[in-house]
Amino acid sequence: MARLFGTDGVRGVANVELTPELAFKLGRAAASYFGRETRNPKIIIGRDTRLSGTMLEAALAAGICSAGGNAHLLGVIPTPAVSYLTSKLHANAGAVISASHNPFEDNGIKFFSQTGHKLPDAVEDEIEAMVAAEHDSSKNPRGSSVGRVINEEAMDKMYIDHIVSSAPTKLNGLKVVMDCSNGANSLIAPVILRTLGAQVITIFNKPNGININNGCGSTHLEALQEKVLEEGADVGIANDGDADRCLAVDENGKALDGDQIMLICALELMKKKELHDNVLVTTVMSNVGLHKAMAEHGGRCVKTNVGDRYVLEEMLRGGYSIGGEQSGHIIFSKYAKTGDGILTAVQLLGAMVKNNKRLSELGALMTKYPQILLNVRVKDKYGWEDNAAIKEVIKKYQDELGDNGQILVRASGTEPLIRIMAEGPVQERLENIVGAIGEVVTRELG
18 MARLFGTDGV RGVANVELTP ELAFKLGRAA ASYFGRETRN PKIIIGRDTR
68 LSGTMLEAAL AAGICSAGGN AHLLGVIPTP AVSYLTSKLH ANAGAVISAS
118 HNPFEDNGIK FFSQTGHKLP DAVEDEIEAM VAAEHDSSKN PRGSSVGRVI
168 NEEAMDKMYI DHIVSSAPTK LNGLKVVMDC SNGANSLIAP VILRTLGAQV
218 ITIFNKPNGI NINNGCGSTH LEALQEKVLE EGADVGIAND GDADRCLAVD
268 ENGKALDGDQ IMLICALELM KKKELHDNVL VTTVMSNVGL HKAMAEHGGR
318 CVKTNVGDRY VLEEMLRGGY SIGGEQSGHI IFSKYAKTGD GILTAVQLLG
368 AMVKNNKRLS ELGALMTKYP QILLNVRVKD KYGWEDNAAI KEVIKKYQDE
418 LGDNGQILVR ASGTEPLIRI MAEGPVQERL ENIVGAIGEV VTRELG
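Numbering (the numbering used here), first residue to last: 18 to 463.
No wet-lab data here; the hints were simulated from the structure. For every residue, glycine included, the Cβ atom is placed at its ideal position computed from N, Cα and C. Hints are supplied without guarantee of correctness; some may be wrong.
Restraint-style ranges between C-beta atoms, simulated for each label pair [as the list claims (entries may be wrong)]:
1) ASN392 to SER162: 48 to 58 Å
2) MET175 to LYS374: 24 to 34 Å
3) ALA149 to LYS371: 46 to 56 Å
4) VAL443 to GLU409: 38 to 48 Å
Straight-line Cα separation of at most 35 Å, DSBU-like style, residue types lysine-lysine; simulated pairs [what the hints assert, rightly or not]:
5) LYS351 to LYS385
6) LYS371 to LYS290
7) LYS271 to LYS187
8) LYS290 to LYS385
9) LYS192 to LYS174
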């Protein structure tokens, strides 16, 4: 049977795969797990703006209460705010109901430990086993031992104050277009930016339950690019549905991805002697141009596997200050335990003000190398790493690219595909390289 927990919690089509029944069981299991050492564990719950959010919130909270836990409802609030508040409010755990950048039909449930970190695989496995086990209702809490649902008020203000206090400088004079993705940051992000002095023009900040991520946010930058040019703004900022990602658009309407944002922020930390070991933690998908730019400024990148949990693990292991992904999921360890879209925006905008430079100038610190991606459908994606012919052709072209490029081959996590990515200075050559590798993969596995 497939693992219930994926790379970012339990995901699925709401009311089909992620049902209220499953949410109830997850709540009951979580309260049982986090209540092992305390009576009536406190679990805070936040959600994004999806139509199914209140349905799943009610079921999750009921499950928590049925196991003797107290469910504290924060309402609509960003994922990073739940991470922050779990620790700040001394909760035993936090839960977020969101499917991030996915369409509104999907939803998800993920948990944070009392420290505000995502759960390790081992803990998720224990909770999953409790969900799957046959339940003995005769052991349920009863009477005064049953948990309560508590509606919390104004918890978002604590988070807003936290992000505002992180700002390296006021943002007076900046004209910012803020794309809230009709998601969890629709109210909070504009308040933060205006509190810091920015002139803010909001778009996609009127969620109706079904328009989250719909042609907007960090996965659809076109409308933001047009609005920045139309308004003559200095910068555009885009979050995704649960606001743990941030991408940007410069004054010319050109998009900046997570690699460019990480470089700008890492170099700013380096100037302040706050970049531990002068290291930026990235995944293997980050552009070679990022590595070269860090090296030119006396820093270096440490690579991890794809996934923000691997980035965080490496940051914790080395005590590093900043890390993230090309997608805009960026972690600042001084202020957050997970990616935070509006925190990232505040740090990026602060760098613009501190350096008195346009975003196009800061973006030009990095030369982006072309990337070509090819998906090859195969009969069996498992064990490809041991295929001698595939290993040989990968090595051949990696040797050719040397330090000026990279080849990344990996199996899809959800489909019978082998994904081939090549990166280097000349796009036409990259197309030839991925084509040649694809032919070998097809011959060997197709």
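Going down the list of hints, with the structure as the test:
1. ASN392 to SER162: 48 to 58 Å: holds, 53 Å
2. MET175 to LYS374: 24 to 34 Å: holds, 33 Å
3. ALA149 to LYS371: 46 to 56 Å: Hint holds: Cβ distance 52 Å, inside 46 to 56 Å.
4. VAL443 to GLU409: 38 to 48 Å: violated, 23 Å
5. LYS351 to LYS385: This hinted pair holds, its Cα atoms lying about 28 Å apart.
6. LYS371 to LYS290: holds, 15 Å
7. LYS271 to LYS187: holds, 24 Å
8. LYS290 to LYS385: holds, 26 Å
9. LYS192 to LYS174: Satisfied, since the Cα-Cα distance of roughly 24 Å is no more than 35 Å.
Figure legend: structure checked against the earlier numbered hints; the only hint not met is number 4.
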